[in-house]
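2 protein chains.
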Amino acid sequence: VYVQVRNLGTKDEVDENVKKFRSGNYETIPDPQRLQHFKKSQENIPTTSKDETPPIGANALPHPIWSEEEVHNVEVTHKPPEGKVDKMAYYTVKLMRGSFDILSGFNRGERNERKWVLRICFLETVAGVPGMVAAMLRHLSSLRRMQRDYGWIHTLLEEAENERMHLMTALQLRKPTKIFRLGVVVSQGAFVTMFSLAYLISPRFCHRFVGYLEEEAVITYTKCVQDIHNGSMEHWKTQPAPESAITYWKLPDDAKMLDVILAIRADEAHHRVVNHTLASLKEDDYNPYKPGE
Amino acid sequence: VYVQVRNLGTKDEVDENVKKFRSGNYETIPDPQRLQHFKKSQENIPTTSKDETPPIGANALPHPIWSEEEVHNVEVTHKPPEGKVDKMAYYTVKLMRGSFDILSGFNRGERNERKWVLRICFLETVAGVPGMVAAMLRHLSSLRRMQRDYGWIHTLLEEAENERMHLMTALQLRKPTKIFRLGVVVSQGAFVTMFSLAYLISPRFCHRFVGYLEEEAVITYTKCVQDIHNGSMEHWKTQPAPESAITYWKLPDDAKMLDVILAIRADEAHHRVVNHTLASLKEDDYNPYKPGE
Ligand SMILES: [Fe+2]
Ligand SMILES: [Fe+2]
Ligand SMILES: [Fe+2]
Ligand SMILES: [Fe+2]
Chain A
10 VYVQVRNLGT
20 KDEVDENVKK
30 FRSGNYETIP
40 DPQRLQHFKK
50 SQENIPTTSK
60 DETPPIGANA
70 LPHPIWSEEE
80 VHNVEVTHKP
90 PEGKVDKMAY
100 YTVKLMRGSF
110 DILSGFNRGE
120 RNERKWVLRI
130 CFLETVAGVP
140 GMVAAMLRHL
150 SSLRRMQRDY
160 GWIHTLLEEA
170 ENERMHLMTA
180 LQLRKPTKIF
190 RLGVVVSQGA
200 FVTMFSLAYL
210 ISPRFCHRFV
220 GYLEEEAVIT
230 YTKCVQDIHN
240 GSMEHWKTQP
250 APESAITYWK
260 LPDDAKMLDV
270 ILAIRADEAH
280 HRVVNHTLAS
290 LKEDDYNPYK
300 PGE
Chain B
10 VYVQVRNLGT
20 KDEVDENVKK
30 FRSGNYETIP
40 DPQRLQHFKK
50 SQENIPTTSK
60 DETPPIGANA
70 LPHPIWSEEE
80 VHNVEVTHKP
90 PEGKVDKMAY
100 YTVKLMRGSF
110 DILSGFNRGE
120 RNERKWVLRI
130 CFLETVAGVP
140 GMVAAMLRHL
150 SSLRRMQRDY
160 GWIHTLLEEA
170 ENERMHLMTA
180 LQLRKPTKIF
190 RLGVVVSQGA
200 FVTMFSLAYL
210 ISPRFCHRFV
220 GYLEEEAVIT
230 YTKCVQDIHN
240 GSMEHWKTQP
250 APESAITYWK
260 LPDDAKMLDV
270 ILAIRADEAH
280 HRVVNHTLAS
290 LKEDDYNPYK
300 PGE
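Protein chains in written order, with this note's numbering: chain A, 10 to 302; chain B, 10 to 302.
Just so you know, the hints here were simulated from the structure itself, not pulled from any lab data.
Do not rely on the hints blindly, as some may be mistaken.
Repeated chains share a single entry, so a pair holds when one copy, or any two copies, can fit it.
[Stated by the list, open to error] Derived lysine-lysine pairs resembling DSSO-like cross-links, with alpha carbons at most 30 Å apart:
hint, residue 1, residue 2
1, K259, K299
2, K184, K291
3, K96, K291
4, K291, K187
5, K299, K184
6, K187, K93
7, K299, K246
8, K93, K184
9, K184, K124
10, K184, K103
11, K124, K246
12, K103, K232
13, K103, K124
14, K265, K124
15, K96, K259
Only a predicted model underlies this, so the values are computations on that prediction, with no experimental measurement involved.
Isolated chain A, as found in the complex (with noise of 0.2 Å):
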C-alpha cells in the first residue's frame, strides 16, 4: 500500500544532477539499467533467445472465448442498410466482394486446401487494418481535441488484435508465394490509405462497411465449414489445430482444424454485431463493449 511519506532528493542534490546532465558530464549520471529504480524490474525481464521466444499471442489483449454452443449457433446475418451512408457502405462491400471472386478466380474449379488457405490469408491482411487505423485516429483525435475518448479505442485494438491473429493462424498451413505477398503489400497500401480517409470524414460509414465485411466473412467461413463437412476439406475434421490457435482461443488439447475454423468464425460474427453497434452510435457516446466482450 501507498504510504504517505514525503522523503524526496532534496532540491539541491536534483539540481546537480540537472547541471551535470545540461554540462554534458555523462559519466558521473548513472545509466537507466544500472539505476537501483530499475534493477528491480529488469530482474522481471525474461531472458528470450532466438530458440525460446515465447509464442505468437503470449501478449494478445482479452478477447471473449467461445463455448461449443455458441460456435455452432452463428448464422448467416444481414442488417439492412439505413440510410444513404449505409448504402454506400453496403455496396462498396458488395462491389469489393465481387470483383475479388473475380480477380481471385475462387469459385472456379474445386475449392482445395491451396485455395482456402491463401483466400483467408489475404483476406485476413485486410481486415487487420481497420481496427488498427480507427483506435489510432480516435487516439490522435483525442490527443489533438484535448478530449477524452468514449472507451472505444481497446475494442478496436483488440479486433485489430484478433484479426492479425487470425492470419498468424493461416500462416501455420501454408507459406505465401512471392507475387501473392507483392498483391498484399500494394493492397495494404491502397486500403490504408482509403481507409483512413474514409474514417476521418465518416466513422459511421467505416464501421458499417466493416459491419458488411464481417457478414461476408461469416458467410466465407461457413462455406468453409461446410466444405469440411461434406467436400474437399473433410481433412480439417481429423488435421490438428496449430499449437497457438489451440492456445488463444483455450480449445481442448486434441481439437482440429475444424475447431479453429469455427472459433474464427465466431470472432467475425462479433465483430459485425461490434461494428454494427458503433456505426449506429455516436462518436461521443460511450462503447457498450468492455475489454474482452
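Given chain A, put chain B with the ligands in place with the hints provided.
Frame of chain A; chain B with the ligands shown alone:
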C-alpha cells in the same frame, strides 16, 4: 469446458440462409441484435446514458503501479549516445527542447500553475503520438510481411495510453485556450507525419529519440516536484488529486496533486528505460517487457 460434440446446422440450412441473403430477402433473416448467439452478450452491455458514463481510464490497459519508494527514487539520468543514429536522436531532442523552451517562454518570469499546466498539456499531446504510431506500423508490418510480431505492440500501446492519461489528468486542472488548441493541432500534424516517416526508415532512431525525450520529461517533472516543495507550486502539496488519477494510479483516497506528479514522473522514467531498451534491440528480438511491466 469445450466438449467435442458436432451438431452443426445442416448444409441445407446454411445454403438456405446464404441464398436468402444473396437474393436480398432480408426480412426473413434475423437481425444480429436479435440472434440468440448475441442475446447473451447484449445482456452484458451496460446501458450508458450521458450521465452515467464510466470515468476516464475505466478500460485502461495494464500498466505499472508505483510504490512510494519507487516514485521517490526516480533520478535524472542520461544514456550516452552510441554511434551516429543515437547522436542524431539526441541532438534532435535537444534542438526540439531548446526551441520549445524559447517559443513557450517557460523560463521567463515565475513559473505559476497556468504555465505548468499548459506546458504539461502541450508536451503530453505530443508524447502520446510515438507509441501509437509505432504500434500501428509494427501491426501493419506484421500483416503485410505475413510474419509474427515479437511482442512489442502491447508495450507501445500501453505507453501511448499512459501518455494520454497524463494529458487527461492535466486537463482536469485547466482548459486550454483557442490559440493553444490551434498550436496543438498543427504540431500533431507535423509530428505524426515526421515520426511515421522516421519509423519506417529507422525504428532504432525513433525509440532512441523517445528515450531522450523521456530523459527530458523526467527533468521537467523533477523541476515541477521542486516547485511544489519550495517554489510557486506549493498548493499542489495540499490540492486533492483528481478522481480519475486516483483510480488510474491506485493512489490513496486523500492523494494530492504532488502524488500525481510523482506517479507521472515514474511513468516517464519507465518509458525512458523501455525505449532505450527497444532502441538497442533488433526489430525481430523479442520484447522483454510483459503486459503491465
Ligand atoms: Fe478474420
Ligand atoms: Fe473479421
Ligand atoms: Fe507523459
Ligand atoms: Fe513520456
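Requested in this report: State the violated hints by number, sorted upward, taking the hints as numbered earlier in the document.
Outcome: Failing hints, ascending: 6, 7, 8, 15.
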